[in-house]
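Peer 1: Using this note's numbering, the first residue of the sequence shown is number 25, and each one after it goes up by one.
It should be emphasised that the hints constitute simulated quantities derived from the structure, not laboratory data. Heads up, the beta-carbon is just placed ideally off N, CA and C, and yes, glycines get one too.
Between beta-carbon pairs, the in silico distance windows are:
| no. | residue 1 | residue 2 | range |
| --- | --- | --- | --- |
| 1 | N158 | L211 | 12 to 22 angstroms |
| 2 | G236 | H360 | 34 to 44 angstroms |
| 3 | A155 | R233 | 24 to 34 angstroms |
| 4 | R277 | G236 | 21 to 31 angstroms |
| 5 | S400 | R450 | 21 to 31 angstroms |
| 6 | R277 | R151 | 18 to 28 angstroms |
| 7 | P365 | R256 | 23 to 33 angstroms |
| 8 | A358 | G267 | 16 to 26 angstroms |
| 9 | H360 | P234 | 34 to 44 angstroms |
| 10 | G212 | R277 | 14 to 24 angstroms |
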Amino acid sequence: MTPTDLRPTPPTTRRPSPPGPPGHPADPARSETPATESPAAPARTETPSAEHPAPVSRTTPAERTAAPARTGTPPAGHPAAPAKAGPPPAEPLTPPARTTTTARPAPPERPVVGRTAAVGRPLPGARLTRADLNAAASRIAPYIVRTPLLRGPAAGPYGPGLLLKAEHLQRGGSFKTRGAANAVLALGADRVVTGSSGNHGIALARLARPLGITLTVVLAAGAAPAKAAAIRALGAQTVQVAGGVAEREERARALAEETGALLVPSSDHPLVVAGQGTVGAEILADAPGTETLYVPTGGGGLLAGVCLAAAGHPVRVVGVEPALTPRYARSLAAGHPVGLPPCATVADGLRGQRPGRVPYPVVRDRVDELIAVDDSEILAATALLHRHGVDAEPSGAVALAGALRAGRRERAVAIVSGGNTPARLRTTHPGPLSRTRIHTATTLTKEHTS
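Please model the entire structure based on the sequences and the hints provided.
Peer 2: Next up, the structure:
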């Protein structure tokens, strides 16, 4: 992959950055007032709409100290893959016109204990602790690869420090293998039922055959045919239901009760959340100077896991949702989980209609901001990744779309959560990565931490 400059249209406002953590140069103080656009690009004051809600910020000035804009080379605490020789960079892709909105007031702040809690203490509203995340990391280590941090944009309005967490290189093609492995290894069932948009089902199917598990995967009507075929090719049974994610989950619960099988949800389970949290733990271990993490958000398992990993760390956690289904933004504004109707966003892995009971309180008490991106922005980010050698599916490009929309000059990481594109599923087996590919991922990680 050849790192290149990605130059989207700057956003209308910028939010303050947090201070760098220990080990990084101190940032000089500056005003808490958000930076405004340059005269050449005056800020817009459009009204929020149902199609594209305004960002929801959970950070108050008392909680974080602003940091100035940065230029130049990222510091040692925020490593990046060195540029490699290759074809000349393609012309930077300009994303489509945005429907940027003015910020709306956040709902009343709750105590955010998760931001200052000592390591190992539970986040409010959940039984999960850092010990659960550590146990998950040890349990799943033989079944996953430690994916690398790849260099993102090196210049432009988004700053010199954007990296990509390459979970599209994970075994099974997505981060879902982490949570799936943690659940089935900890619970030891021989029959499992799940509801999935595809990637969670692929992850479980990869694990089921060698572990001797009988697996049934319930799919919604809009599930990607290539993902359904991959699940069946790995030996699992699939059941397709009419309707959306809510109907899928209802059928999965009923089927588990009827058959006596273990239900392993795609996000709404403590062991799944703890497994997904290892993504965040790896990022903060490999790049401790990270100021903001951009996390694609569907059912909320990955976002909650990253929030768990970030407890006690000053990093900003930003969830990025498809604008067609902003269930977490709506729920935080309402003060309780809110269900939304089915949608057909191009990010098929992020079509969840309601926050889960396990992820919701963890997200509520730790997330700093939620950003909505429309399908045109998701497709633009996907194309941008493809042009630079990152084979992400649309769901996997959502975090990058959010980072490009935010346009902050900071040390940031966007999680590329999956790469199970139809082309990849047709040409590669969705099982374990080859030895060569595992070696490549491991080597890149070492390079980025040197």
